[in-house]
Structures are given as C-alpha cells and as structure tokens.
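**Q** What follows is the residue order along each chain.
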Amino acid sequence: MIWLIAKKDFLLNLTSPRFIIGFLLCVVIIPFTMIVSVDGYRNQRRVYEVDQAEVKKNWNEIKVYSAVRPVVVAEPQPLGIFTRGVSDNMGNQVNVRLGEYPLFPSGHAGTRDNPLLNAFFSIDFTTVIAILMSLLALVFSYDLFTREREEGTMKLVFSNGVGRVAFLAAKFTGLFITLVPILAFSFVLSILIIVLSPGVAFSPSDWTGVVLLFGAALIYLVVFILLGMLISALSKKSSTAIVVSLLAWVWLLFLVPDMAYYGAQSLSKAVPYDNVAFSLDEVDRAFEKATDERWEKVQKEMALDGIGHWNWNGGRDGYDEMYGCVYETYEFHRRLNTWREPERLASADKKWVYQKEWLDGLIKQENLRKVLSWLSPAEMFRQVASSLCHTSPSSYLAYMDQVRRYRESLVRYFESKKLFESYTYFTQQDPATFLTIEQMNQMERDGFFDTQNFKVPEHWDSEYYKPLNLSDVPVFVYQQPGALATLGSAMGLIAALLGVAIVVLIAVIAAFMKYDVR
Amino acid sequence: MLKAIELSKRYEDGHLALDSLNLEIKPGEIFFLLGANGAGKTTTINLFLNFIEPSSGSLFINDIDVVKSPLETKKYVSFVSENVMLYGNFSARQNLDFFARLGGKTTLTKTDYYNVMRSVGLQEEAFERKLKTFSKGMRQKVGLAIAIIKDADNVILDEPTSGLDPKSASELMQILVNLRNKGKSILMCTHDIFRAKAVADRVGIMKEGRLVMLRNREEFMQDDLEKIYLHYMQEAVMFDDINVIA
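Chain order of the listed sequences is B and L.
Those letters in the first sequence? Residues 1 to 518, per this note's numbering, in order.
Those letters in the second sequence? Residues 1001 to 1246, per this note's numbering, in order.
No wet-lab data here; the hints were simulated from the structure.
The hints are all genuine.
Computed footprint of chain B on chain L; a stretch qualifies when at least three of its residues, placed anywhere within it, have a C-beta under 8 Å from a C-beta of chain B:
no.: 1; stretch: 1045–1051
no.: 2; stretch: 1094–1103
Only part of the chain B face toward chain L is listed, based on derived beta-carbon distances under 7 Å:
no.: 3; residue: 15
no.: 4; residue: 151
no.: 5; residue: 159
no.: 6; residue: 518
C-beta: ideal position from N, C-alpha, C; glycine also.
Take the sequences, apply the hints, and build the full model.
**A** Below you can see the structure in the form of structure tokens.
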C-alpha cells in the first residue's frame, strides 16, 4: 500500500514541471559552482606551493639559531571545494615566534587574486545544496495533502483501506525517492568534476568526508520534506501553503543566520582588538625597556664603553647574526640573550593572557552564533558540512592549537639545547677565532687586516658559513583528524539535525491525524 | 449492507449536521438521499467513509462497525464523489490501475480495465489519454469505473450527476441499475429528483440533519415525489426566509 502510493507520487513528480526545473537547476548550478570552487582550490594550492617553497628555501639558508622562526603554511583542504567555511577569511601562513603566541594565520586568504573581484558573489557546493534542496523539498511538499484534497483524490484514497500513518509514510517515501536522485545526481556531478580536474587529489579520508556530507545532506533534505509536509498538513489551501512555505524558506535560509550573527555580536560583546593591541604594545614596550636596562647592566658588568659590531644583522623576535666581532661583543650578546630570550618567552606568556581573553570572547561569540542559528536547519547543515570538510571555525581553532603546541615544542628544543646561552644562537664563528679588543687593535696595527678598506679575514663574512643542519629541530606536521574523529566532531550537530527531523515528524503526524480529508 | 443507527454529528462549532439518523440499505437496493444543501447528506457519506467521527450513534457496513474497524469496512465500499479530478498526469487506465490496486485488486489486466471503461461508456481513444485532457463527464465516468472495478458490496455516490450532460447522467443511472442487479447496496446523495424517480428503490429526504421522509418506490410513485420534495424544500426556503428576516 505504502509503496503503491509512493510509486504513484514518484511517477507523477517525475513528469511534473517542478522536477524538470529542479533537475535543470542542478545541472546548471552545480557544475558552475564546482568549477569555480575547484579553480579557487587550485589557486590556493598554487599559492601554498609557492609559499611552501619559499619557506623551505629560507629554512635551508638559516645560519644561526636565532633565525629559527618557522613559518607554517597551511595546506588548503581539498574538501574546502565542497564547503569553504571560514577559509576565505583566514590567511594561509602562521609565523611561529618566541615573542608571541600564534593566534590566527596571516598572509594569502582564500580569496581571488584580484581583491576588487571579491565583491563577486560566489557560493560553494554546500550552500547551493542547502538553498536548492530546501527549496525543492518545500516546492514539492507544500501541496502534498492540499492538492490531493483540492482534487478530491484524498477522499477517494481514504475510501479504500488506507490508514493515515500509512498514507503519511507513502507520501514521504514518494517525495524522498523523487528528491534523492536529484541530490545524488548533484553529488555525482561534483565528484566527476573533481575526478576530472587536474591538480585536485582526494585522499581516502576526503572521500569518506564526501560520503558523510552526502549523509548529512540526506538528513537535511528529510527535515525540509517534513517541514513542507507539516505546512501542508496545517493548511487548507495550496495557495496558503505555498506562501507559508516560501516565507519559512526565506526565514530559515536567510534571516535566521543573519539574525544569529547580529544577535551573537549584540548579546556577547568581545573585547575590541584595539584594546588588546594596546595591551600587547604595553607588554612589548616593557620588554624593550627591560632589555635596554639589561643592555646597560651587562655593559657595566663587563666594563665596556660600547658594543661594536663588524658584521651584524638583527631583526624582530630576537634574530641576531654577527661575524667578525670582538670577543667582548659576542660575550655581551651571549649574556644578554641568556636573560633576554627567556624574558621574551615570559613576555609572550603575558601577552597570551590578553590574546586568550580576546580569543575566548570571539569563541564565545561564535558559539552563541552557532546555537542561535540552530533555529535554522540550513545553518545546522552548513555547520555539519564545514565541520566534515575541516573548514569550520573549530577546525581552524584546532589547527592553531596545534601550531601553538608546536611553538612550545620548539621552545623546549631551544631550552634543552641551551641555545639561548650559546654563541651559535647568533654566530657560527668559531669561539677559538674570537679576538679581544686589544688583540683586534694589535692585529689591525700589524696589518693583518684593514677594516677601513674592508680587507678582513674571510670568516668574518656570513657567506663563509654553511647553513645550519636543522634536521633535529622540530617541524610542524599538521595532524588532520581522521574520518572517525571528524565524524565524532560533527556527530553532535548531525544528532541535532536528526532531532529536528524527529520533532517535525511528530508534529506532522499530530497535524495529519487531525487533518480534514473532506 | 449499509446501516446507521441513531447517528448524529455535531461539529466543533456546535452545528448539528445530523440528528439521529436511522437508515438501512439492503443488498440489491438503490437508495436516493435527497435534500437541500446543508441538509446532512454529505455528512452521512463522510460518516460512512469514516472521514469524520460520529458524535453519537453507530454505523455498519456489512455488519462491521465503521468506527471500530474503519479500514476493514472500507474493503466493502466503493465511493464516487462529485467533481473528482483524479490524477491529471496519469491516463484513465493508470488512474484505474492505481485505485484498483489500492482497493486490493492486484491481478487485473489491461483488458479488465478496458472492459470496465467500456462498460461506463468511455470512448476507446480516451483509455490511454492523460486525464487532464478529459471533460468533467469523462472524468466522472472514470470515477465510476474506479468504483465498479473495486467490486465492493456497497457503492456510495455523492452528487455523481452534478455537471453531467443528460446522456451521461442516463448512462450512469443504467450502470447503477446493473450494479443493483448484481446485488450491490447503493447509496446516492443527490438533488436530482428525476433520476431518483427513474431508478431508486427507496428515497429519503433530509432536512436540517434529520431524515424527514422515507418512501419506497411504490409509495413515492403514488404520492408524486416532486410534490413531496418541493413541499419539504419550500418549507426549507420559507424557514430560511424567516431566519433572514429575523
């Protein structure tokens, strides 16, 4: 009985203009969206490869440990083709410094090369599915009962031995088997485009993600079919049902996410970043002041009139590289670094308190936005999708946690090797070749070298030295969560989406039990 | 057999649509239920088909309680409604096939469907045509074919001649006679007093939810059914006028 009615509905749906229009929409929109997304991914991949090569080149040229300030380049997520999530807002590089905890990536974001083109409206596969499938589900289901009632067929059906629950199950099945092929076709089309696109490689874990995404899309489809059925069961006329359905669609797809966004910002105020930046500057200034004081103190302790350098390169975050200096200068820097670099780490810890407070505020806002947007199944689906595709805010936060842990391992490496207290932190010159001021002056007088005319020993030049062997320095390896862990992180939302489906199903049954079939 | 005992229906708005109806339609009998709009005819049908629940009283189809075993009773009843659109994108045969299977007839062949469609006077060329191209009369014939093919013991018809041309209406009446001759109990609600005179075995007139008159063929032929009907309708019109004035 259920299959008979479902098959009838399926056959009628297949020949209906709405099915043809829905199918054509998928045929046109899905490839377009996927081609744009694949192109965007390949662009990100190209940028990643260029950046990675540059980072590797710089890494291989490091000659002193104070230059060991790794740059982590985030590899674009292939599944981002399906769901871009927040990847468009995030950069692709993280500078790992001693003086600061990494907070967010910087550098090239997942945007187009031409920033002026960012105004161009482009949506990803998940958004297309969220919009299209919800619209199709409502367009097919809004008159599921009202049409049968208006055309008198409902009375005819119920004049036979058809129970209401069986009828409901049949109507649902008929619609489900009508829309699932459209959804499946969209996924198959996307997969084909991915498989046929050069430069796009999906791992088995990525394919598992696609399968899970399809599962989530099925649940999402069911929610909207049931929602349409509920509207139909509560309406007496198809004309009323279509208006209510479209209003519900606009509300759930567009208004709720925006309201959640503004609601979260209004209800949970995050500390303005300007305040945080000011506090960070304060800490930095205190650190610089303390460094200046320590400079003078060490200078006094060593009874030096001044610190002279022959060949000195310095930069941010403790980078110092020097050659051809006198022993006193090297020793001065060694003593300074022995105090300064741990102090730099302590300063980073102080700044982290402010950064963490700000970050917690942002996370709180984001969590609130998430919860508020659960009023929309579309937003729930998007959250599930971005979680499965590793492009959710949580995925980025987890990534940054890993980078911060990597920084800690790097710090431990520096400390365990006592690099801050070593000359190799800032020079490769052999301490046996260090000359005291007096020795240096005597040798210059004796004509061994002429600093005025740059006639100096070759080991005073940085080009004389080979890059350091950094093979034992920790490198960042992103531990991407496996399929099971990904499913686990999305499971709560999937369960919530299923919960919505069950609640709406109960409401549909309750409404249809009272439905006047006459 | 269709039977109603002290059957009443009061809607949620308080309107008493049916008041203590007692009715029994035996096998091989055509019963015409006449009355003005709102007299309670369709409510009676809706109760027999369990589209609505009675406020009191009981109904039986083939001695099975409609309220207690609604799905069971529907095996023994066919229904022809007024203005049924059926499924426009299905052909007449496909509609017939769907409803026949729904009614439990799963072994019928295309020839069976064609024969039934022929028996209700549908043109051969229309058998495989989509129903959305059909006239109202043709759709009504398909509706009747659906009722016939179920081959239930009881047939309930709600204003089936409404909008039909006289020829089609006559053909429909002939089909009802044939069904009666096969031993079916037929309950037909209509305004069409002339068709009632032509084929009904018994006639009941309803007014304001009550069965105010019940006559068998001999009685209503003798008493002039038009006169009796008009008499009751006149009262109803006068009653309505008084209500309007009040």
